[in-house]
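Residue numbers (UniProt numbering), protein chains in the order written: chain B, 1 to 254; chain X, 1 to 283; chain Z, 1 to 274.
Because the hints were derived from the structure by calculation, they are not lab data. Predicted model, so just to flag it, every value in this text is computed and none were measured. Ideal Cβ placement from N, Cα and C applies to all residues, glycine included. Don't take every hint at face value.
Think about it this way: if two alpha-carbon atoms lie no more than 25 Å apart in a straight line, the pair counts; the simulated DMTMM-like pairs of lysine to aspartate or glutamate are [stated by the list, open to error]:
#1 K85(Z) to D81(X)
#2 K85(Z) to E29(Z)
#3 K102(Z) to D75(Z)
#4 K186(X) to E82(Z)
#5 K186(X) to D126(Z)
#6 K28(X) to E44(B)
#7 K186(X) to D203(Z)
#8 K2(B) to E59(X)
Using C-beta positions, here's what the derived DEER-type ranges look like [claimed, not checked]:
#9 S185(X) to D142(B): 53 to 59 Å
#10 R63(Z) to Q147(B): 47 to 53 Å
#11 V265(X) to D166(Z): 49 to 55 Å
#12 T275(X) to N30(B): 23 to 29 Å
#13 L26(B) to G92(X): 23 to 29 Å
Heads up, incomplete: computed chain X residues facing chain B, CB under 10 Å, no partners named [to be verified]:
#14 F118
#15 T121
#16 L184
#17 R188
#18 A191
#19 N227
#20 G230
#21 I234
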Amino acid sequence: MKRLVRNTIGTVGVLAVCELVGRSGLVNPNQLPPPSVIGARLVEMFNDYEFSVDVVETISSWAISMVIATLIAVPLGILFGSVPAVGKVTSAIVEFLRPIPSVAMIPLALIAFGDSVDAKIALAVFGAVWPILFNTVHAIGDIDPVQINTAKAFNLTRRQMLTQVKLPAIAPFVLTGVRISASIALILVVSTEVLAGSAGGLGSFITETGTGGAQMDLAIAGTFVAGVIGFAINLIFEWAQRRWVNWSDGDRAR
Amino acid sequence: MTVTERKEKKVTPDTRARRGRAIGFLGKWAVFAGFIAAWQVATTLAEAPYFPTPSTIGETMVDLWLSGPASQLWLSDAVFDDVVPSLLRLLGGWAAAGVVGVVLGLMMGRSEKLYDYFSPTISFLRSVPPPALLPVFLVLFPIGTPMQLATIIFGVIWPVLLNTIDGAHTLDETVVETTRSMRLSKPRFLATVVLPAALPKIFAGLRVSLSLALILMVISELVGSTNGIGYQMIMAQRDFSLPKMWAGIVLLGILGYVLNVLLLVIQNRVIGWHTRSKSLTGR
Amino acid sequence: MLDVTGISHTYGSGAKTHTALGDITFSVEKGEIVCIVGPSGCGKSTLLRAISGLLPPTAGESRFMGERITEVPHDLAFVFQEYSKSLFPWLTVRGNVAFPLKARGMSRRQRHEVVDEALGWVGLADAVEKYPWQLSGGMQQRVAIARALVCQPALLMMDEPFASVDAQTRAELEDLLLRVRREYDTTVLLVTHDIDESVYLSDRVLVLSKAPSTVVSTLTVSLGAERDQITTKETDDFVHLRGEVARLLRYGTAGVHDEVHEVKQAVPVEAVAE
Ligand SMILES: Nc1ncnc2c1ncn2[C@@H]1O[C@H](COP(=O)(O)OP(=O)(O)OP(=O)(O)O)[C@@H](O)[C@H]1O
Ligand SMILES: [Mg+2]
């Protein structure tokens, strides 16, 4: 209760300071409009059909990339992790490929795919695959041999072994990987939108209104919405981790 | 700090483990060399326009960055015009975010009030995908280094801040009582007890931030810059020069790898006590 | 030197409360060694924390040289029961022992000397450059003791300081404590679960009851200032006193005896069947 009151006071305080700074003349109100102006724009924007389309486009691009990345990375991770030789070879290669910042691929992807939705999704998938893959491989390798042997003692089939022993055992680590990937994928989707104005989506909206149209109130409102999306994604994954994986060690295999 | 005061070099008795590590290290490089060779064969056979062969990429890299006069250690001007500024911005932004993040994190981790007041704001701000700020920062800051630093600092401060808060917050209660029984001043307590205790978490945050800083350096240079590796890549994109773009990609990969290794070396020096105490007591 | 009046402490609030300390009053004179014994979990550690200013007591107060204690006084050093957690894992043994001195601004060279001496006392001269996690439990505990001793405190509070050292080292450390008291006139308040130790070290023994604990009895130990691990423990007085303490712990009453100053609460016999 005390915490909630402080949360509220602090947040209101931060907003009030921003408002004061925005109105004091310390900053150019055209460049950095106060929160009240931005709030008003936000309300207007949500009645605007095109803006809603932008938001939906960003979120759906992100979601599609996450699904594809997970579908690629988890089976591959299980395969690499289960066959020690393959696992060693791939982990050596992955170790050298992982440091490449995925955004370095943006210029290439824009040439290869044009300013299309494909470019966004391809890049986001590329960036999101690594953390999930890495965590899955490690998680498989980390399964307690006692668990495996116990399962063997019960004469489980290969398939039962996978669905009843291995998958539940690696779930927390995979979920951690997915959580890390989720924010990377969002960064990549928004980056591509910002860079390629015609790619559509929230990033393009921010670029067009900010750098392009000098309508900073709209641009900042758009950035705020991007923050809300990121925040919602974080919340969902934190909730999922608490809900399904009630042990905190999931972060270990980073 | 007393951590670095250690004089004697710890010689680990298990040379066998060392040898094992050396073999593992060589093995990894051998595998990687094999991978490059396979890639060379594949790209030569496929002749895909978007995938130049590794040898072409290598030649382009030498051409771009290692074709300078001997007086510059064979580094070309492009190294000083593009790579060095990029690196400076990356490290400068990361270091600034690190210092601010650690100082704020130590205070917020030890003060429930501060934490309660600002945690909602922080958890919102850290959720904003940093590239979404680029168009805004492009207007607010002069194009070039100031705008790029702002982007990097804003983007990478959160992992450090949150990890420091966590590390400072989870300080053992007995340690707190011990220092209270010694009547340390608050700043001294933060600097000599909370900071070292939180270092393992802080380093974890710094590593996440470093790779994020590399990403943001590249993006900010792709969007608004007049030099830098990212700028070079955008130029290459306009010329449809795929080998140059790949050269940039590979260089960024090397940078990411080297920076991470360097940070790991520093981490081992500074918080070796942590890893060794963990492995010894199994806690 | 130390006056404790009416201290009581209740943990928690609302429905789940636990009253650890009833109503505790006693005082300690300068240069005295007072041992506190009591059943496990009765609140001995809580009592030391509440007296020293680490934990604000629910009621009552303690005064150190006449001044009311609200935070740990300068001249007080504390040895914690959780010795392994109370050492800093990022500092060597030397760094740990020197830590409070550094905070007081003592020069590096002087620190070096004082630390070496203190580590010599506890027999850890060879371990100066080791890290706490490289030491055994008993060695860690001795580092914690050395760290408390280097400050030459006027009042030393120790919570089961010798609990995890072997019998031989334990005897040496007990004698060290007696020597420190003799040489520096240090006042010591020490919690122990070892009845022999409490009698051997003390000028007085405070026996606590189960929670909410109160002082069942205060025994005066008149074995003189010079004590010896073997001969003192053979004297009739010693044997008699330790029987007394044991009986008090078990029954909460000592039978008929002059040393019993106060019997505040008698614990029913069935309740103490441990
Ligand atoms: N922080 C706390 N919150 C709630 N209860 C506590 C707390 N600390 C101790 N207690 C409870 O208070 C009682 C007394 O604890 P205390 O540690 O003082 O006992 P003790 O006599 O030192 O025990 P021991 O002989 O095991 O050291 C115990 O029942 C314990 O569970
Ligand atoms: Mg105790």
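Violating hint indices (sorted, rising): Result: hints 1, 2, 5, 6, 7, 8, 9, 10, 11, 12, 16, 17, 18, 19 break, sorted rising.
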